[in-house]
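Novice: Sequence:
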Amino acid sequence: MQIILKQDGQPVADFSVSGANVTVAGVAIDCAERQQDIAVSVEVRQNIGGPSEGGNGTYLAQIEIPARRYETVTVPAEGEDEQPTELREPLPLDPNAVVVTLWPTA
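Take 235 as the starting number for the sequence shown in my numbering and just add one per residue.
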């Protein structure tokens, strides 16, 4: 996972990374579960009720999840008159492709 600090040396919200899971200020994001065929951006903000996903509060973090990638798999023909079939199988999320940008909290 790539971690970017919006301003070097500034305090940021507590965060942790474990595989494809990111937790910022207690808000857990499963990046593998959120991955789609297009890139996904998840905002964690400090709202009136506390940290949450989205809202109008100040940014704590922005998590960029890349679009799902696929590989083509050839399935052999089962009968003499059939042709092999090609299927697109989704590849697992590469956690190193996720970008977490942390905003200053003070």
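Hints were generated in silico from the structure; no laboratory data involved. Every residue gets a Cβ at the ideal spot worked out from N, C-alpha and C, and that includes glycine. Please note that the accuracy of each hint is not assured.
Simulated DEER-style distance windows between Cβ atoms [as the list claims (entries may be wrong)]: (1) 266 x 239: 21 to 27 Å; (2) 241 x 298: 39 to 45 Å; (3) 321 x 273: 19 to 25 Å; (4) 244 x 270: 44 to 50 Å; (5) 289 x 311: 50 to 56 Å; (6) 248 x 290: 19 to 25 Å; (7) 282 x 303: 50 to 56 Å; (8) 243 x 330: 49 to 55 Å; (9) 307 x 240: 39 to 45 Å.
Novice: Take the hints in turn and mark each one as holding or not.
Specialist: Hint by hint, here is what the structure shows:
In this structure, residue 266 and residue 239 meet the distance hint of 21 to 27 Å, their C-beta atoms being roughly 24 Å apart. The hint said 39 to 45 Å for the Cβ distance between residue 241 and residue 298, and at roughly 18 Å that hint is violated. Range check, residue 321 to residue 273: Cβ separation about 24 Å, and the 19 to 25 Å hint holds. A hinted range of 44 to 50 Å is violated for the C-beta pair residue 244 and residue 270, which are about 32 Å apart.
With their beta carbons about 53 Å apart, residue 289 and residue 311 fall inside the hinted range of 50 to 56 Å. Between residue 248 and residue 290 the Cβ separation comes to about 22 Å, which falls inside the hinted range of 19 to 25 Å. Take residue 282 and residue 303: their Cβ atoms lie about 39 Å apart, and the range 50 to 56 Å is violated. Range check, residue 243 to residue 330: about 25 Å between beta-carbon atoms, so the 49 to 55 Å window is missed.
Look at residue 307 against residue 240: about 41 Å separates their beta carbons, and that is inside 39 to 45 Å.
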